[in-house]
Amino acid sequence: MMPKLALPRASFARLATVRLPTLSLRMQYAGGVVVSAAIIAGFVGAAYRVLPHAPSPARMMYFREPQPATIGYTGTVPVFVMKPDHSVVRHGTAEMGAGGLIRVDLFPSTINEYANATEALLADPSLGILWAAATDTSQAELRHRITLVQDMAAQTIERVITSDVFTDDYRPVLRAMLTDAISSAWRDPRTQKAVEGLLANAEPALRRTLNGEVRQILVSRLSAAIWQMLRANWANAFGVPFGYELDYEPAIRAMTETLADPRLQHVLLGFGRAQLETREARQLAERLVIGSFDALMRDRRVPATVSQMFWDVRLRAMLRPFTNSLFALAGALPQHLGGLGSESTLNPLAAHVFKAFAVASRTPLILLVTPADLDRLQTMESDTAVTLQRVAAGAASGAGEAAP
Amino acid sequence: MSGQVLSISGLTITTPNGVDLVRDTHFEVGAHELVIIIGPSGSGKTSIINTLCGLIDERDGEWKIAGRLSYGEREIDLSTSRSDMCGLVFQGNALFDDLSAGENVKIAADHAGEGARGFDATPIMSLLSDIRPEQPIASCSGGQKQRIAIARTLIAGHPILILDEPNSGLDIISSRRLAGIIKDICVQRGTPVLIAAHHVDDLLPLADRVLMLDTRARTVRPVAPDMASIERAMRGLDSEGESALAAAETGATAPQADAWQGLARRGRPGRWFARYFAEYFWVLCASPFMLAYLGLGGAILGFVSIWFGFNYHAFGGYLKSILHDETLAGIGFVQTTISVPLIASILVVARNSAVICADLGNRTLSAQLPAMRNLAIPGLRYLVVSILVANTLSLALLTVAALATASWSALQTWQVFFPDQPPEFWQENYFRRLIEAGPALYAQLGWVSAKIVLSSVLGSGAAILIGLRPKLSVVSINNAIAKAIVIGVSLTLLSHAFFAIMQFWR
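For the protein sequence lines, the chains are A and B, in the order given. Residue numbers for the first sequence follow the numbering used here, beginning at 1 and rising by one. Residue numbers for the second sequence follow the numbering used here, beginning at 405 and rising by one.
These are calculated hints, taken from the structure and not from any lab test. The structure displayed is predicted, hence computed values, not measured ones. One or more of the hints may lead you astray.
Sample of chain B residues facing chain A (criterion: CB under 8 Å; computed from the structure) [claimed, not checked]:
no., residue
1, S572
2, G573
3, H728
4, Q825
Cβ-to-Cβ under 7 Å is the rule here; a few derived chain B residues that face chain A [stated by the list, open to error]:
no., residue
5, P692
6, A696
7, L815
Don't be surprised by glycine CBs; every beta carbon is placed ideally from N, CA and C.
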């Protein structure tokens with residue numbers, strides 16, 4: 001008997017011979033319709049998952065900015081929440097009405113997770129809020145680096161600003177920028193509030209005078225006063241946004257000299273030296289310095305001038321010790337304030353602040369925190385943010401502003 | 405080889421549906437003998453032939469086969485092995501119509517077994533004396549095609565020759581000539597020849613014996629080789645039994661007696677447009693494969709946009725954070741207004757161009773369109789309008805579906821990068837440019853719609869025109885499909901490029 005004949009089969013041929021279920025045409029069609037319906041349901045589910053949903057009253061919180069409003073923004077602002085480890089994530093959006101009423105719409109996916117974050121801070125996008133939201137470790141590290149910068153700055157700046165090159169080529173430009181910055185700081189509502197506090201005890205007639213022509217004289221003289229103060233505070237000024245104290249004595253002295261101006265003496269007769277050494281006066285000077293720095297950071301001329309100074313071979317040798325320490329600080333800032341770096345993930349608060357710097361935006365932000373975190377932040381940096389007052393939904397509706 | 409007998413013993417064939425075509429059947433075909441096997445339509449002649457030639461298709465299901473095939477010293481157990489001893493001339497010839505007449509023969513010669521090398525091929529080639537080797541198959545007559553098929557099978561060197569309906573479609577002269585050729589081969593080469601046929605008038609004079617597949621007894625029995633005996637034997641078979649056999653084989657129940665009542669009455673012709681539209685809409689848009697295809701395409705695009713958009717910034721984590729909002733807003737805007745509509749259009753137009761061209765090409769090749777004209781059916785209107793509307797609707801709906809899966813996939817990928825961030829943050833930025841656009845959003849929607857409509861009309865229009873051109877063979881349909889895909893996709897790319905320039909022309 002001959003051996004059995006079996007044709008060799010390639011492996012792909014076996015695939016072709018796999019028996020498929022045999023259904024009638026009607027069943028095949030019905031099965032196809034069912035599968036298509038399931039896929040379409042998948043599409044609808046995907047669309048439902050990705051599309052924004054309408055706001056729900058159950059997710060709303062209402063706040064009011066303390067009067068008089070210092071930020072006074074109208075429009076939509078982002079809402080963040082601080083987690084227990086001090087990292088920050090987005091938590092919703094808020095609508096700020098013209099009357100100071102703020103409607104916060106929380107994200108459905110985070111509302112339950114951060115239910116204890118009931119306190120709200122309203123803040124401008126500044127380094128101050130990043131500093132406030134930084135961890136203790138990051139703050140300690142930055143303080144260390146700032147100290148290094150201070151040491152270098154104290155040595156370097158004195159050498160630079162006393163040089164002929166600086167006096168002839170850069171001081172006029174910097175003075176112009178500084179004047180603009182001080183003017184901007186002076187116009188800031190928070191500065192005006194500090195002025196009001198300083199003048200609260202003055203005679204009504206004197207207040208009217210100060211709010212009139214005398215203010216112009218005060219502003220021009222204060223430019224010189226602040227400049228003198230800055231000369232004595234170069235180093236500490238870098239740390240102001242992070243809670244460092246300034247030496248205000250030069251500013252106070254300069255203000256005293258200002259008040260000695262013969263044009264002012266007759267109207268400031270009743271405004272004694274003691275008034276200028278009060279807490280309100282210190283707040284005014286501090287507000288002016290902080291506001292001036294804030295304005296300088298937004299001034300687009302500053303990077304150009306600094307760049308020109310940096311590349312100026314006449315100054316470079318003098319600046320090098322300082323710039324080295326400053327670059328080290330600058331390199332540490334994104335990591336410790338923004339949580340940025342090659343291994344980092346998204347810090348939406350830092351992204352909002354840096355974007356505000358980049359596009360000169362002043363869109364404020366709201367940070368929701370627990371009562372315990374609110375106490376800590378207020379102790380650390382009282383001037384960075386405004387604590388919002390919680391109001392009931394019914395009261396918000398009754399106010400007729402931004403009600404749902 | 406001469407003098408050997410083909411012997412089939414104990415042959416039982418059970419279909420995947422459990423129907424016995426034959427049970428324990430025996431028959432023989434001697435050397436120099438030409439035997440005709442007849443039987444009612446659907447009785448299983450082709451299945452017996454396929455069994456003898458080792459061509460049972462297991463994809464149809466599990467066939468149960470028993471029996472032995474012996475020829476000379478060789479014997480094959482058909483239940484475990486496939487026979488390779490029988491050369492088959494297929495019904496319809498099964499010529500390779502992408503090859504010329506000469507190439508059809510040459511390819512068989514080049515793959516013939518060692519045993520065929522010693523044959524004298526001259527008698528075989530004499531079958532083809534009136535055919536030019538370079539002649540395309542499509543230009544050959546029915547008789548020429550039959551002779552090419554026979555020559556091709558003989559060249560392959562099988563010791564036994566089986567022909568399935570060899571005279572189907574041939575005129576009487578050609579049919580008789582073919583029978584003479586087959587008989588000559590049988591006699592000269594000593595080859596046993598088995599022919600399955602319905603129309604045996606022209607073959608009977610040359611047949612040595614006639615076998616009949618008895619659908620009652622499920623066996624093969626001899627019948628006298630004259631028409632009167634054959635007709636008598638065929639009449640004796642139960643026609644209702646044949647129907648039941650056919651129904652059992654397909655797994656369907658036999659039709660009711662009144663099943664055709666009412667179909668002959670005149671109704672509203674407009675329903676046929678709906679019928680064709682539904683057919684095309686299902687194939688071009690709503691079938692599971694099409695939906696899954698577009699859903700998958702959108703999902704991959706969403707993943708790629710986010711993965712590479714965020715993963716390969718020059719400054720890595722720094723820019724990932726600082727530029728996050730703007731990067732995501734840009735990706736979302738580009739994806740919804742440019743990328744997804746483009747990719748969806750390419751995928752739909754490429755796939756549907758092939759479907760449309762193949763469908764119309766086959767209708768053209770099988771003369772369905774002239775048949776429609778002959779029956780006063782406005783076929784072109786039904787088909788072309790249905791295709792254009794269904795394809796445009798398909799592209800619009802599937803673009804929306806792809807947008808959904810692309811956005812979903814983008815969100816999932818984004819959450820891989822930023823697992824701590826809430827999805828609403830992604831929503832806020834991904835759709836920001838669209839939300840901020842305000843009334844301009846309608847203009848963007850209009851541009852996307854224009855791209856979709858133009859792509860669909862141009863793509864399907866090209867496929868329709870190419871599909872409706874005359875077709876000579878399946879190969880010409882294949883070539884037309886390839887052409888329709890290339891032209892359709894090219895027109896789609898041009899449409900999108902044109903409207904994208906118009907969309908952002910400032």
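Now for the hints, and whether the structure bears them out:
1. Here the hint on S572/B is broken, as its CB sits about 27 Å from the closest CB of chain A, past 8 Å.
2. The closest approach between the C-beta of G573/B and any C-beta of chain A is roughly 29 Å, which is over the 8 Å cut-off, so the hint fails.
3. With a least beta-carbon distance of about 5 Å to chain A, the hint placing H728/B at the interface is held under the 8 Å criterion.
4. A distance limit of 8 Å between C-beta atoms decides the matter here; for Q825/B the minimum to chain A is near 6 Å, and the interface restraint holds.
5. Taking 7 Å as the C-beta contact cut-off toward chain A, the hint placing P692/B at the interface holds, the least distance being around 4 Å.
6. Annotation: A696/B was flagged as interfacial toward chain A, and the flag holds, the nearest CB pair being 6 Å apart, inside 7 Å.
7. Interface restraint check: L815/B against chain A, minimum CB-CB distance 5 Å, threshold 7 Å, status holds.
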